[in-house]
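My request is simple: use the sequences and hints to build the entire structure.
Okay, here's what each chain looks like letter by letter:
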Amino acid sequence: MLELRELVVAYGAVRALDGVSLTAAKGGITAVLGANGAGKTTLLRAVSGLVRPRSGEVLLDGRDIGRLPAEEITRLGVAHVPESGGVIIELTVEENLRLGGLWRRENAALRRQISEIYDLFPPLRVRQGRVAATLSGGERQMLALGRALVSRPRLLLMDEPSLGLAPRVAAQIMAVLRRQRDEQGLTVVLVEQNARSALSVADHAVVLSLGSVAAEIAQGEAIDDRLRHAYLGF
Amino acid sequence: MVEFVNLTLSGITSGMVYAAVALALVLIWRATRIVNFAQGGMLMLTTFLAWSVIDRGGSYWVALAVALIAGLALGAIVERIVIRPVENKPPLNAVIVTLGLLVVLQAVAGMIWGGQPRSYPPAFTIQGFKLGETGLLLSPFDLFVIGAVAVVMVALILLFRRTDLGLKLRASAFAPEVARLLGVRVGRMLTLGWALAAVVGSLAGVLIAPSVFVGPNQFDAVLVFGFTAAVIGGLDSPVGAVVGGLVLGCALSYVTGYISSDIVTLGALAALITVLMVRPNGLFATSAGRRV
Ligand SMILES: Nc1ncnc2c1ncn2[C@@H]1O[C@H](COP(=O)(O)OP(=O)(O)OP(=O)(O)O)[C@@H](O)[C@H]1O
Ligand SMILES: [Mg+2]
Numbered sequence: 001m002l003e004l005r006e007l008v009v010a011y012g013a014v015r016a017l018d019g020v021s022l023t024a025a026k027g028g029i030t031a032v033l034g035a036n037g038a039g040k041t042t043l044l045r046a047v048s049g050l051v052r053p054r055s056g057e058v059l060l061d062g063r064d065i066g067r068l069p070a071e072e073i074t075r076l077g078v079a080h081v082p083e084s085g086g087v088i089i090e091l092t093v094e095e096n097l098r099l100g101g102l103w104r105r106e107n108a109a110l111r112r113q114i115s116e117i118y119d120l121f122p123p124l125r126v127r128q129g130r131v132a133a134t135l136s137g138g139e140r141q142m143l144a145l146g147r148a149l150v151s152r153p154r155l156l157l158m159d160e161p162s163l164g165l166a167p168r169v170a171a172q173i174m175a176v177l178r179r180q181r182d183e184q185g186l187t188v189v190l191v192e193q194n195a196r197s198a199l200s201v202a203d204h205a206v207v208l209s210l211g212s213v214a215a216e217i218a219q220g221e222a223i224d225d226r227l228r229h230a231y232l233g234f
Numbered sequence: 001m002v003e004f005v006n007l008t009l010s011g012i013t014s015g016m017v018y019a020a021v022a023l024a025l026v027l028i029w030r031a032t033r034i035v036n037f038a039q040g041g042m043l044m045l046t047t048f049l050a051w052s053v054i055d056r057g058g059s060y061w062v063a064l065a066v067a068l069i070a071g072l073a074l075g076a077i078v079e080r081i082v083i084r085p086v087e088n089k090p091p092l093n094a095v096i097v098t099l100g101l102l103v104v105l106q107a108v109a110g111m112i113w114g115g116q117p118r119s120y121p122p123a124f125t126i127q128g129f130k131l132g133e134t135g136l137l138l139s140p141f142d143l144f145v146i147g148a149v150a151v152v153m154v155a156l157i158l159l160f161r162r163t164d165l166g167l168k169l170r171a172s173a174f175a176p177e178v179a180r181l182l183g184v185r186v187g188r189m190l191t192l193g194w195a196l197a198a199v200v201g202s203l204a205g206v207l208i209a210p211s212v213f214v215g216p217n218q219f220d221a222v223l224v225f226g227f228t229a230a231v232i233g234g235l236d237s238p239v240g241a242v243v244g245g246l247v248l249g250c251a252l253s254y255v256t257g258y259i260s261s262d263i264v265t266l267g268a269l270a271a272l273i274t275v276l277m278v279r280p281n282g283l284f285a286t287s288a289g290r291r292v
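Chain order of the listed sequences is A and B.
Numbers 1 to 234, taken from this note's numbering, label the letters of the first sequence in order.
Numbers 1 to 292, taken from this note's numbering, label the letters of the second sequence in order.
Because the hints were derived from the structure by calculation, they are not lab data.
Where hints are given, some of them may not hold.
A partial selection of chain A residues facing chain B, derived with a Cβ cut-off under 8 Å [stated by the list, open to error]:
1) R67
2) R75
3) P82
Label-pair distances were calculated between CB atoms; the ranges are [claimed, not checked]:
4) B/N93 with A/G164: 52 to 62 Å
5) A/S136 with B/S211: 48 to 58 Å
6) B/P85 with A/G164: 48 to 58 Å
7) B/I273 with A/E116: 27 to 37 Å
8) A/P69 with B/N93: 38 to 48 Å
9) B/G132 with A/T134: 48 to 58 Å
10) B/I273 with A/A133: 28 to 38 Å
11) B/R161 with A/S115: 17 to 27 Å
12) B/P121 with A/E116: 56 to 66 Å
Because the structure is a prediction, the values reported are computed rather than measured.
Backbone N, C-alpha and C fix where the C-beta goes; we use that ideal spot for every residue, glycine too.
Laid out in structure tokens, this is it:
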């Protein structure tokens with residue numbers, strides 16, 4: 001589904017990603033772990049077109065999308081939930097959700113999708129007419145994920161969805177991801193610092209350190225203590 | 001009492017024009033964080049085009065349509081060619097570019113039409129209505145001015161609040177990066193935003209032309225008042241722009257009527273300072289806490 005080959009992204013002289021290669025298999029959840037500044041956010045931004053790779057390839061189903069603008073990559077079915085959600089606080093809950101699926105230009109289907117999101121996250125239905133500025137952190141994260149799902153993406157990029165959330169809400173978000181994978185065949189790249197939470201749903205994990213892949217963890221594999229201490233912090 | 005009513009009526013009429021100019025500035029400020037100093041030049045150019053139509057024997061309405069369509073095109077072209085390169089650059093670049101554009105537009109208009117102000121006909125008579133024996137400072141043309149600006153404002157509100165296009169325009173203004181992640185072609189939305197703003201500006205130009213005349217520098221004061229109105233309203237709020245325009249229009253009218261027309265500019269300054277002292281972010285400031 002998604003393959004990165006020798007991806008290099010630099011901000012001026014800082015190499016945030018220094019030759020990263022990885023594969024996210026179709027219908028699987030790939031966790032990307034690592035400490036602050038490891039390059040996790042940069043990786044997602046490179047996939048969704050918000051930063052230009054300096055070299056290397058971003059392949060979506062074999063097609064190099066590394067030079068496409070972000071809005072066109074979205075229209076290929078890639079949804080990116082940025083760090084802290086990116087909910088537009090001036091718009092209502094309903095408007096945020098609607099915006100997520102507008103590009104498909106299927107009004108009837110969009111209404112149905114929005115209603116399904118309300119079923120998935122009932123607190124959003126109650127607050128549909130309120131501006132998003134009035135939502136709690138957990139509700140915003142639900143809205144951000146809901147807004148991404150409204151467009152029925154093939155590939156979902158999530159940047160630290162559990163950051164600052166109560167464990168129960170974080171678990172709820174992870175459960176939704178798992179369900180989407182199992183029922184819709186959604187492919188997910190899940191960036192997390194909270195390795196425990198991410199590994200609870202991931203099929204496969206990659207550990208980034210200083211812009212490079214430091215380790216890969218297959219599902220069910222025992223995580224050795226050295227790795228745990230060096231990169232994962234638990 | 002009659003004088004007060006009359007000054008208020010005339011204040012509302014000119015206030016609606018300031019409101020339209022303010023709205024043009026606010027639409028662009030919201031979308032791009034750029035103060036479009038060239039707005040006065042843009043509406044001057046489109047009003048000159050309308051004047052040419054009338055000068056060749058065209059009807060008022062054809063001339064108005066020409067001005068509005070020219071505004072739409074000019075706004076889009078300016079955004080694409082002049083503004084696009086300085087978007088997301090330090091604000092000073094945009095200031096220099098829009099000021100430069102103003103100078104260029106005024107020079108071009110001077111070359112084509114000369115520096116001499118030309119008279120521009122009103123759509124309807126400017127003879128005031130009469131209430132018994134007392135003449136009112138409100139004419140059929142004034143009613144047309146108020147109505148035309150009001151119609152455009154209602155249309156804009158419906159566009160922004162009720163349509164998917166409006167939703168995309170708002171999203172592009174509030175959070176361009178997020179909008180792109182949601183598949184919104186933000187570049188197109190900015191072009192459209194500039195085009196819409198320029199249309200509103202063009203309307204203001206044609207409406208005010210009978211009283212200020214048409215010339216390369218005839219609209220400078222209108223732009224200053226429009227900008228003042230926008231700041232009074234909070235620069236970020238379309239509703240604020242309208243209220244700001246009306247407040248300013250009435251304030252200036254009272255100053256002219258009760259004191260002297262020589263100090264209207266001072267009156268504008270006084271109104272601005274008064275509002276900013278009471279509400280430093282303008283009457284309708286909303287987004288004090290953006291950038292989460
Ligand atoms: N816009 C930017 N300009 C310059 N340097 C940047 C920029 N964004 C990120 N960096 C740098 O790139 C490196 C990787 O940053 P990135 O945001 O990808 O890390 P991260 O793994 O997401 O960290 P965190 O867990 O704190 O979110 C860091 O050294 C950071 O300082
Ligand atoms: Mg990050």
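Going down the list of hints, with the structure as the test:
Taken as an interface hint, A/R67 does not check out: its beta carbon lies about 15 Å from the nearest beta carbon of chain B, beyond 8 Å. Contact between A/R75 and chain B, as hinted, is supported at the beta carbon level, the nearest pair being about 5 Å apart and thus within 8 Å. Hint status for A/P82: holds, given a least beta-carbon distance of 7 Å to chain B, under 8 Å. Distance hint check for B/N93 and A/G164: the Cβ-Cβ separation is about 37 Å, which falls outside the suggested range of 52 to 62 Å.
Look at A/S136 against B/S211: about 54 Å separates their beta carbons, and that is inside 48 to 58 Å. The hinted window of 48 to 58 Å between B/P85 and A/G164 is violated, with their beta carbons roughly 39 Å apart. At about 54 Å, the beta-carbon gap between B/I273 and A/E116 misses the expected band of 27 to 37 Å. At about 22 Å, the beta-carbon gap between A/P69 and B/N93 misses the expected band of 38 to 48 Å.
Between B/G132 and A/T134, the C-beta spacing of about 54 Å keeps the proposed range 48 to 58 Å intact. In this structure the hint that B/I273 and A/A133 lie 28 to 38 Å apart at CB holds, the actual value being about 31 Å. At about 22 Å, the CB distance of B/R161 to A/S115 agrees with the hint of 17 to 27 Å. With their beta carbons about 59 Å apart, B/P121 and A/E116 fall inside the hinted range of 56 to 66 Å.
Hint compliance for this structure: hints 1, 4, 6, 7, 8 are broken, all remaining hints hold.
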